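Residue numbers (this note's numbering), protein chains in the order written: chain H, 1 to 164; chain Y, 165 to 341.
Treat each hint with caution, since some may be false.
Where chain Y lies over chain H, by a calculated footprint (3+ residues, C-beta under 8 Å) [stated by the list, open to error]: (1) 48-56; (2) 65-75.
Using 27 Å as the maximum straight-line C-alpha spacing, the simulated BS3-like pairs for lysine-lysine come out as follows [what the hints assert, rightly or not]: (3) H/K106 <-> Y/K192; (4) Y/K266 <-> Y/K338; (5) Y/K338 <-> Y/K318; (6) Y/K318 <-> Y/K192; (7) Y/K203 <-> Y/K192; (8) Y/K318 <-> H/K106; (9) H/K106 <-> Y/K338; (10) Y/K192 <-> Y/K254; (11) Y/K254 <-> Y/K318.
These are computed hints drawn from the structure, not numbers from a lab.
Please read all numbers here as calculations on a predicted model, not as lab measurements.
Quick reminder that beta carbons are idealized off the backbone N, C-alpha and C, glycines included.
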Amino acid sequence: MRLLHPLLCRLLLCLALLPAGAALAQGMAAPAAADPALEARVMLIAEELRCLVCQNETIAASHAELALDLRQQIRQQLEQGRTPPQILEFMAERYGDFVLYRPPLKAQTLLLWLGPFALLLLAGWALWRQLRTAKPGDAASASHLSAAEFERAQRLLQSPGERP
Amino acid sequence: MRRPLLRWLPLAAFLVLLAFLGIGLQLKPREVPSPLLNKAMPVFSLPTLAQPAQSLSPQDLRGQVWLLNVWASWCVACQSEHPLLVDFSKRHAVPLIGLNYKDRRDEALRWLGRYGDPYRSSLSDTDGRVGIELGVYGVPETFVIDREGVIRYKHIGAVTPEALRDVILPLLGKLGA
Chain H
1 MRLLHPLLCR LLLCLALLPA GAALAQGMAA PAAADPALEA RVMLIAEELR
51 CLVCQNETIA ASHAELALDL RQQIRQQLEQ GRTPPQILEF MAERYGDFVL
101 YRPPLKAQTL LLWLGPFALL LLAGWALWRQ LRTAKPGDAA SASHLSAAEF
151 ERAQRLLQSP GERP
Chain Y
165 MRRPLLRWLP LAAFLVLLAF LGIGLQLKPR EVPSPLLNKA MPVFSLPTLA
215 QPAQSLSPQD LRGQVWLLNV WASWCVACQS EHPLLVDFSK RHAVPLIGLN
265 YKDRRDEALR WLGRYGDPYR SSLSDTDGRV GIELGVYGVP ETFVIDREGV
315 IRYKHIGAVT PEALRDVILP LLGKLGA
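This is chain H alone, in the form it adopts within the complex:
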């Protein structure tokens, strides 16, 4: 117990420092927020945009310099009174639809949008066919039992303790 004690202390200290570390990381991610309301709007738009430098992160989450610049761009455009859809369009015009986390519905993205529904329909159709063809087959195999077999099965079902 005496040996365990310092170790436990250290562990507890680590645990206590964890939130502090997380807060520090948060502070680094957040830019200088002069106006919290504006900053919240900036982040709302930034969360809709993919960072092209680290492609699986949003511009809101990324630490890349480009993400910082683009957040600054969003901030300035909001200050100029531009609407969020206008800002998203601005980004898509320069970096492509790829930056939009919600891809627009157009000819190129039709498969992306309709593919899952098409697959669901296909699976539903396959299931329906399977169920429809399986039923008569089962009934037929059940009737193949002879009278003696049927009687034996009946006996087995009625007395669960009995071993054949």
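Go by the hints and put chain Y onto chain H.
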């Protein structure tokens, strides 16, 4: 399974999956096609690196086929393509314009002094604003612009000898450079 054909369905589905995986591995997700292709070069004007009092705009190059190369002294990949650009500028009359992206002037000038300056002129995009207009997301990037000021090609990453020989030079020829 009453129908023998149905027995092969899982294997067929697996092969289709495998084919998609194979195609997926061949793709280069880092090279995002630019929506600016076949669109007019954005309008901007920037001070030149050599003489900050002077400025240059893409409009000044109207009527010529030219290349815009985005570079920075802090960019490691730029060093690998740089000898190729220096060589290109010696062999060809096509104007090669540099866009010095988010760099410090003194460091940019020192970098050109060390590795050679292939650019007819370099523009200082200190805050990266023009980079955003051009959809730049990784340095280096190289644009081919035609006589009408339309972006005809964008190369992402360091220009390789193969890309220059197989894509950029034929395109320049086609555009009548």
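Now the hints, each set against the structure:
1. 48-56: holds (count 3)
2. 65-75: holds (count 5)
3. H/K106 <-> Y/K192: Between H/K106 and Y/K192 the Cα gap is close to 23 Å, so the pair holds against 27 Å.
4. Y/K266 <-> Y/K338: violated (33 Å)
5. Y/K338 <-> Y/K318: holds (16 Å)
6. Y/K318 <-> Y/K192: holds (15 Å)
7. Y/K203 <-> Y/K192: holds (23 Å)
8. Y/K318 <-> H/K106: holds (24 Å)
9. H/K106 <-> Y/K338: violated (32 Å)
10. Y/K192 <-> Y/K254: Distance of about 32 Å is beyond 27 Å: violated.
11. Y/K254 <-> Y/K318: Distance of about 22 Å is within 27 Å: holds.
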